[in-house]
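Asks: In numbering that gives the first Met the number 0, the protein residues as written are 0 to 1233.
The hints are simulated quantities; they were obtained by calculation from the structure and are not laboratory data. It cannot be assumed that every hint is accurate.
Claimed, not checked - Below, in silico cross-link-like pairs of lysine-lysine (DSS-like), each with a Cα-Cα straight-line distance of 25 Å or less:
{"#": "1", "residue 1": "K302", "residue 2": "K904"}
{"#": "2", "residue 1": "K941", "residue 2": "K930"}
{"#": "3", "residue 1": "K140", "residue 2": "K224"}
{"#": "4", "residue 1": "K1132", "residue 2": "K476"}
{"#": "5", "residue 1": "K1075", "residue 2": "K1064"}
{"#": "6", "residue 1": "K192", "residue 2": "K512"}
{"#": "7", "residue 1": "K590", "residue 2": "K1040"}
{"#": "8", "residue 1": "K1064", "residue 2": "K224"}
{"#": "9", "residue 1": "K1132", "residue 2": "K189"}
{"#": "10", "residue 1": "K492", "residue 2": "K718"}
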Amino acid sequence: MDIHPSSIEEAPSLDKELFVHLNRIRIQGFKSFADSTELFLEPGITTVVGPNGCGKSNVSDAIRWVLGEQRARSLRCPNMMSVLFNGGSNLEPAKKAEVSLRFANTEGSLSLESPEVEISRQLTKEGESHYFINQTLCRLKDVVELFMDTGVGVSAYSVMEQSKIDLILNTHPEERRFLFDEVAGITKYKQRKREALKKLGETESNIVRINDVIHELQRETAELKGQASQAEHYQQLQDQLRQLELDLSCREYSQFIKELNETQENLDQILAASAEANQTIQETEQQIDAAEVRQAELDQEIKRESIVVRDFESQIEKTERQIALFKERQLNIQQQRQRAAQAVESLQKQLQDLEEQRKSHLQEQTEIDVTLKLEESKLTARKRVLSELVKRIQETEQSVSQAQTDLYTATNQIAQTESQLASLNSKLEYSAEHLNRIQEQTQTLAETLTVAQTAATESNRQTQKAKADLLQVDTEKERVIQQLETLQNSLRKLESEISGIQDSLGVSASRLKSLKDLQSTYEGFYTGVRAILKAKSVDPGQFGGICGVLAELIVTDPDYEMAIEVALGSAIQNIVTETAEDAQSAINFLKRTRAGRVTFLPLDILRPRYFDDDSLLHRPGIIGVASELVGCDPKYEVAIDQLLGNTLVVEDLDTAINLTRRYRPSARLVTLEGEVLNTSGAVTGGHNSRQSSGLLSRSRELEELQEQIDHLSKRIGQKDTKRNRVVTEITDLQQQRQALPSQWQDLQIAHRGHLKDLEQAQTRVDEISSQLAKVESEGQGLHTQTTEIEVTRDELQAQLEEAGKTRNLLHRRITRMTEQIQSERSKKQEVDQASQELEIALVGKREKLQGILGALARLDQSRTQIEESIADHQKIIDSDEASKQEISEQIEVTQRAFLQLEQDKFTVAEKVEQLETERTELLATATKAQKLHRQMRRQYEKQNQMRHQLEVTHTQLQMQIKAISANIQDKYQVSIEEANMQVYIREPEDAREPEDTLASSDSDQAEDNGQPVKHISRFELVTHIEEIKNQVNEMGVVNMKAIEAYQEHKEREDFLVSQREDLQKSLDSTYKAIQKINQTSREAFLDTFGQIQHNFQEVFAELFDGGETELRLTEEEDILEAGVDIIACPPGKRPQTIAQLSGGERSLVAVALLFAIFKIKPTPFCVMDEVDAALDESNVLRFTNLVKKYAEQTQFIIITHNKRTMETADVMYGVTMEQAGISKLVSAKLSDYT
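Turn these sequences into a full structure, and let the hints steer you where they fit.
Replies: Structure (structure tokens):
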């Protein structure tokens, strides 16, 4: 924000003399000036004259409009578009209105280096408004500043009309103040002060916003500081771990070399013993081979004989199976015969059951046939009833239609009769009024006759009456003034209320804008979160799976916001995604752009957590589960349950501690003030200056601010409506007050006329008598005519009553028939519904009948099938008896063959037994040789196994040696020889002891310094390495970029703090500058006020031929905002406020104040619109003399009806209206005729 205190520190000057005059006014398309009209003005006095309604005041309106008037009411228009020429009898409406003022700027008094300055304003029919300075487009502000402190302007004193004089004299003292500010030259500085104050507000808003950013940065910096410290500690542990691992690797390398040599020696010994065992194994294998050859021969013979035995056994088994099979078939036939007999019996029973079912169906068929015939007859009868109801309804509806036609005819007749009655009543009213006028005229003539006869007395009475009327006009004027003052006080109060509401509206709107800016720029969010949200707003397609940040997806009651934000912690900035793949894609984006880290909540893999002890929720002090106090879209509930499902919100810390001691809940407890009691018993709490991050309440506050702004805007609208109504009432009263001087003059003229009536009274006696007789005759004839009209009216009234009865009768008939139709339709609906139900029942009966017929057909079919099945089973029973006899014969033949096979099998089995005995003896010899062979083989295999193990160990040691060497080379970029050398160099001479030597008391110090500790045992070294690795693992993921990020955040924080200090200094400097300009303006105002006071007294005494006046400030403390009261004391009267003066006196006071200002600071020109309307002839003469006196330094343009004022003019313009609605201009330079 740019605030330049020097721009408002300039002291206002009153010594600047203006050498500017208005030399041309050009008007086109403005109000009644359809064509381009120009007024060329000379220094001195110019008058604009013309009859009422010709449009001469439109010249004054045009000047006000081009100077920037924004209030259509001040231009006597309902709206600004009404200033466009609206068209005439032969002219189309203007497409644009344009007014230009050209000034001679010979001395450069205006702030433009040009001998002539022209300002213009245009308004098109499309509603576009433009301002120009020397044909260059500009702003209204530029026009206002061009004439600021010159006395020229809409609110200044260069344009004065009667209503504005009244406004100056009748308004509240504070509103009258603007004239004095303009003269003192402090208007410009007040405007700049207001702009500076507005910018101060914006700066304060920026400071608040910067404070929010600084607080967020401080929080992030504190977090990064911890991460940076962790990263440094992590680096130290890594360096220490490297040294220890290097020492351990060198020790292991030496140990593996030693073990490799020992393994090679053992391997050579095993190879020699293995060769001896192999020779013994070969000898035993030869003995075993010979035994196996004989054994094979015996096996072949045993095999051949065994095959013969198995053949006999197979035949015997087959024979046994045949016998069993024949017996089984015999049994099956017997069982089959029994089953067939049982089946025949069952089928015969089924046949009887079918016959019974058939009889039942036949009976049911008969019953349904009877029911169908009965219900079909009922249905036919109901359809007849339905047809009759439809016919009756149609006939009734036709009757209703005819009745409505008759009703329409009767209604028309009534309307015609009422019209005739209205006409007759109008004639009667006219006759009555005419009779009244005749009676009044008769009375007036009689009174006039009496006046003529008693002229002197009547003239005196009329004179007194005129005086009373004049007094009544003055009283009415006082009443109007007092009512005006009351309404103006109400108007000021309304405007003050509107101003207060607008201030509140401005504060709310500013806060709303700040919050929207924070929301749009994602202020308050972590760097990574902002990066994701901004990327989503730029490319929604790429980040379509990003649902949003958690803080913007949830809402909660304001009472719970602190508890929910504390419960969520940094998780409030977690980002919810549709799937884990969306989260992975976003993480890849953060890695690519190096934009920071973010925690994501993928909805597809989140697992909710729930609080399972429902009984605890009803305990006093427990508000509820945190997840149930949060509102969100149902799709996000899994994320809320995961984060808050096992968190309880309680009223206070006492409640949380008591619950933990008594019930030991499995959930974390959070209080409304933000204290946390974890399940472990740890308590977190204290003072939080920021209360909350504001992320959760931001959306709620936006909605509340928008509602507040809408409410304030509505209130402003209501107040504006009320204010407009008060302004309208004020305008009406001002118009009444303006009409009172004219009425007073009329009464004055009437008073003079009464004096002449005395001379004419006698002459008019005869004329009045003749007129009186004529009027009485006319009244008699009019009375006879009135009687005839009343007779006709009574006849029509009787006809009207008869037609009304007919119409009421038709109304009742239509209503009765309509009710009958409704009743018939209701009956029709009942009959129709009953018929439908009956038809539905008939359909069901018919379907049931069809089902019975189908069942009968199926029963007949089943009976045929059962009879056929009985015949088939009887055939089976007959054929089974023959088969049984045949099977018995086959069993006897098969048993004889079985006995012969048993005898042949026994003979072959004895031969096989002899061969088996020989093979057993040979097997015993071979077994001894195999036993020795196995013993030697086991010894040989054991030796081979040992050799293999040694070879594997040898290979493993070689691989381990290579692995250690490669690991040292890859991990630490040194060879094993260099590593050993480094260890040897770092090892103290007195510390080179065997590996199992105990560590000295200095070992811990050596470890802490990161130096080699080879003199400690390997176990202690490995243990220490594991401890360091555990420390590293416990640290988790370490942000190694945190050190750099911490420095960047710290630098940005310092920069913003510096910016805040600069803004604060700018605020302080601007406040001092405003105080200085206030002091300078106060001094300038007091000086000017004193001069105006002095000049006002002089001019007042000149206009009133004496008297006194005084200007008073309403308050002494705040002079720059104080109002100005005017106290006037005309000669012969006591001091009183201007509201108590007469109309002429008030006008003279206004003129005196205006010229008192001119004496101090003349304006380049002054437009006076009928300001002399309320002045009598003597006061007009004083007014014109004063105008002539000041015309040497100020250019006067006077719109007037007064002849005395016209006589003072150097140039006179006449405004005529030859065509309706179109003003024309005629000019005359009076010096050419004198």
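Asks: Work down the list of hints and note, for each, if the structure agrees.
Replies: For each hint, the structure was consulted:
For the hint linking K302 to K904, the alpha-carbon distance of about 15 Å falls within 25 Å, and the restraint holds. As the CA atoms of K941 and K930 are separated by approximately 16 Å, the hinted pair is consistent with the 25 Å bound. With a C-alpha separation of about 52 Å, the suggested pairing of K140 with K224 is violated against the 25 Å cut-off. Annotation: proposed proximity of K1132 to K476 holds, straight-line Cα distance about 18 Å (limit 25 Å).
For the given pair, K1075 sits about 16 Å from K1064 by alpha-carbon distance, which is consistent with the 25 Å threshold. In summary, the hint linking K192 to K512 is supported, as the alpha carbons are separated by about 24 Å, within the 25 Å threshold. Note on K590 and K1040: the hinted pairing holds, with a Cα-Cα distance of about 12 Å set against a maximum of 25 Å. Annotation: proposed proximity of K1064 to K224 is violated, straight-line Cα distance about 30 Å (limit 25 Å).
For a cut-off of 25 Å, the pair hint linking K1132 to K189 is broken: about 39 Å separates their Cα positions. For the suggested pair K492 and K718, the alpha carbons sit about 10 Å apart, so the restraint of at most 25 Å is met.
Hints 3, 8 and 9 from the earlier list are contradicted by this structure; the remaining hints agree with it.
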